[in-house]
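Undergrad: Take a look at the letters that make up each chain.
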Amino acid sequence: MSAPSFAPFIRSRPWLLKWMEPIAEWYCQKAGYRQLGLRCDDLIPEENDIVQLALKRLPPKEAYDRVFRLRRAFQCSVTHHLLPKEEWTKPDEDRPYLTNIIEEIEAEYKEREDLEAMIITKRKENAKH
Amino acid sequence: MLARSNLCRGAQRAIRAQSQQTRGLAAPASGSFQYQSGEAKGVKFASRDLPGPTTSLALVSKAGTRYQPLPGLTEGLEKFAFRHTERRSTLRITREAELLGAELNAYHTRENLVLEAKFLRDDLPYFVELLGEVAASTKFQSHVYNEEVLPLIHAAHKRYLANPTAMAVNSAHALAFHRGLGTPTSPSSTTPYTKYLVPETIEYFSKIAFAKPNFAIVANGAKHEDLSNWVNQFFDQVPASVTVEGGLACTEQSKYYGGEERIAHDGGNAMVLAFPGSSSFTGKFYKPELAVLASLLGGNSHIKWSRGFSLLGKAKASDETFVQTTSAIYSDAGLLYTLIKGSAKNVAATAHTSVGVIQKVAAGEISKEDIQKAKAAAKFKELENGQDPRAGLVLSGNGLVTGDKAYQIDEVAKAIDGVTEQSVKAAAKTLLESKASVSAIGDLFVLPYADELGLKV
Chain A
1 MSAPSFAPFI
11 RSRPWLLKWM
21 EPIAEWYCQK
31 AGYRQLGLRC
41 DDLIPEENDI
51 VQLALKRLPP
61 KEAYDRVFRL
71 RRAFQCSVTH
81 HLLPKEEWTK
91 PDEDRPYLTN
101 IIEEIEAEYK
111 EREDLEAMII
121 TKRKENAKH
Chain B
1 MLARSNLCRG
11 AQRAIRAQSQ
21 QTRGLAAPAS
31 GSFQYQSGEA
41 KGVKFASRDL
51 PGPTTSLALV
61 SKAGTRYQPL
71 PGLTEGLEKF
81 AFRHTERRST
91 LRITREAELL
101 GAELNAYHTR
111 ENLVLEAKFL
121 RDDLPYFVEL
131 LGEVAASTKF
141 QSHVYNEEVL
151 PLIHAAHKRY
161 LANPTAMAVN
171 SAHALAFHRG
181 LGTPTSPSST
191 TPYTKYLVPE
201 TIEYFSKIAF
211 AKPNFAIVAN
221 GAKHEDLSNW
231 VNQFFDQVPA
241 SVTVEGGLAC
251 TEQSKYYGGE
261 ERIAHDGGNA
271 MVLAFPGSSS
281 FTGKFYKPEL
291 AVLASLLGGN
301 SHIKWSRGFS
311 LLGKAKASDE
321 TFVQTTSAIY
331 SDAGLLYTLI
341 KGSAKNVAAT
351 AHTSVGVIQK
361 VAAGEISKED
371 IQKAKAAAKF
381 KELENGQDPR
391 AGLVLSGNGL
401 VTGDKAYQID
411 EVAKAIDGVT
421 EQSVKAAAKT
431 LLESKASVSA
441 IGDLFVLPYA
451 DELGLKV
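Residue numbers (UniProt numbering), protein chains in the order written: chain A, 1 to 129; chain B, 1 to 457.
Hints in this document: simulated from the structure, not taken from any laboratory. Careful, some of the hints might be misleading.
What the hints assert, rightly or not - Straight-line alpha carbon distances no greater than 20 angstroms define the calculated EDC-like cross-link-like pairs of lysine to aspartate or glutamate that follow: (1) K124(A) / E365(B); (2) K124(A) / D122(B); (3) K139(B) / E104(A); (4) K61(A) / E98(B); (5) K304(B) / E320(B).
Isolated chain A, as found in the complex (with noise of 0.2 angstroms):
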């Protein structure tokens, strides 16, 4: 599920994006999901509806290769070792592939509680008959 974000405002303010993006890029390496060789959507809890879908759509090579990094993740947490630092995810590769295909999903679920909430009024000319 998407959280509230403060990205598109820091994103929308060149000055302030070029400010913050150090810092972000330092605190993402320190939150230790990169050493296990995961990527950030990996992390999304997966248990509701929205996100079963999602990773329903995912083409099936995304789907693989998420299995495998979540699988040698668990791997790792549980012989309690870090990846050998040239496998670590790297900075490029810590892309969104998930998050996309939830909003997706979340706009269509919004359009049909939209089109539900409708009050419909009758045209001018049909009221007639």
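Here the structure of chain A is known, so what remains is to put chain B in place on it, guided by the hints.
TA: The following block gives chain B in isolation, referenced to the frame of chain A:
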């Protein structure tokens, strides 16, 4: 909450600008069966202003199973109709159509893929815009294919396998025309969608099917000027010519082969005896006497609690046996076929008598009165087609995309009037001389072979 202003441009225009229909229901009809045809920016269209408060509008594309370059593409494209486009989602299209009280429908025949909308007369611009949008900017997303389209295709396949009648008719077509017109209208195996169908190929096919030379817009109950105006506006996005490599398959003249096929089936018994027939009125091989011959042989009754006057109706083995003779017309060929279904024994007996009846007609042992009756029935059926908007839509659209000619029902009826007794007898004779296409589905122990029936295959 969705505000009114969020509704599409076309819908708003429909609300504001459309002039009210001036003629009431009881007023005399000025409209005739004649279609007026025209062209707007390369898009062919035809309309007739039938009196009444509703309109049916169709996009008829030359993309039936005959023309598909890979198996299953027509089925796939049909199931993708009215789904997510660049501007609207599936849900939104459905809801908007519901709010306008309209009906959306997509289906295909052997030669055509039809996207159809039926709605109140005032909403014409909205639906012309919708058809333009569906043709030009449907998004062929893989999750839509997996979640919505594929289960429908699979269901069509299952339904086909459970229906011996459909199998018999398709098998007869396959025997008669091999490729092209012989391609089954529903997937007869899972191969099309396990091997050939992916969203990208369907998108590729849509670029061919919805290129301007390959489709026509046909409307019943719309003013010609209005339709011309809106078609002019809303079809800018569709490709003006086929821009992708390849193109429609099997566009060459269909050839008749003939043969015999027998398929075991435990869901019922059906037999089809088929012979080369007449092309559509808009095609080159139009033979009105075959329509008369079809109604002369007939089979199913027009009168309740009676077997009817038709020759096969009188000759069939039992009241429960279903017999029907159809003259299936296509743009460049046709198939005259008798379909028999019922219990295996009755089907076999009726098949024997049917061949006997055709031989009798060919030998001229037929009363003048019967032919008169058959002509009247054939003419009635043709004119009734004129009243049934759906038949007219498809026939006209097909005529426009294949030969720049709308299907004029009045003229067809006139052609049937001109059929003589001799020409019907001669037509029956040529049937027996040509190779037949015989298919038997069901209990093969009982159902006869073609040579047992006395037919050449």
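Undergrad: Within a Cα-Cα threshold of 20 angstroms, do K61(A) and E98(B) meet the stated pairing?
TA: 39 angstroms, violated
Undergrad: Quickly compare the C-alpha distance for K304(B) and E320(B) to 20 angstroms and report which way the hint goes.
TA: The given pair, whose Cα atoms are some 14 angstroms apart, holds under the 20 angstroms limit.
Undergrad: Would the hint linking K124(A) and D122(B) be met if the CA-CA limit is 20 angstroms?
TA: Holds, at roughly 13 angstroms.
Undergrad: Straight-line Cα separation of K124(A) and E365(B) no greater than 20 angstroms?
TA: Distance ~67 angstroms between K124(A) and E365(B) Cα, so the pair is violated.
Undergrad: Run the distance test for K139(B) versus E104(A): straight-line Cα separation, threshold 20 angstroms.
TA: The hint holds at about 14 angstroms.
Hint compliance for this structure: hints 1, 4 are broken, all remaining hints hold.
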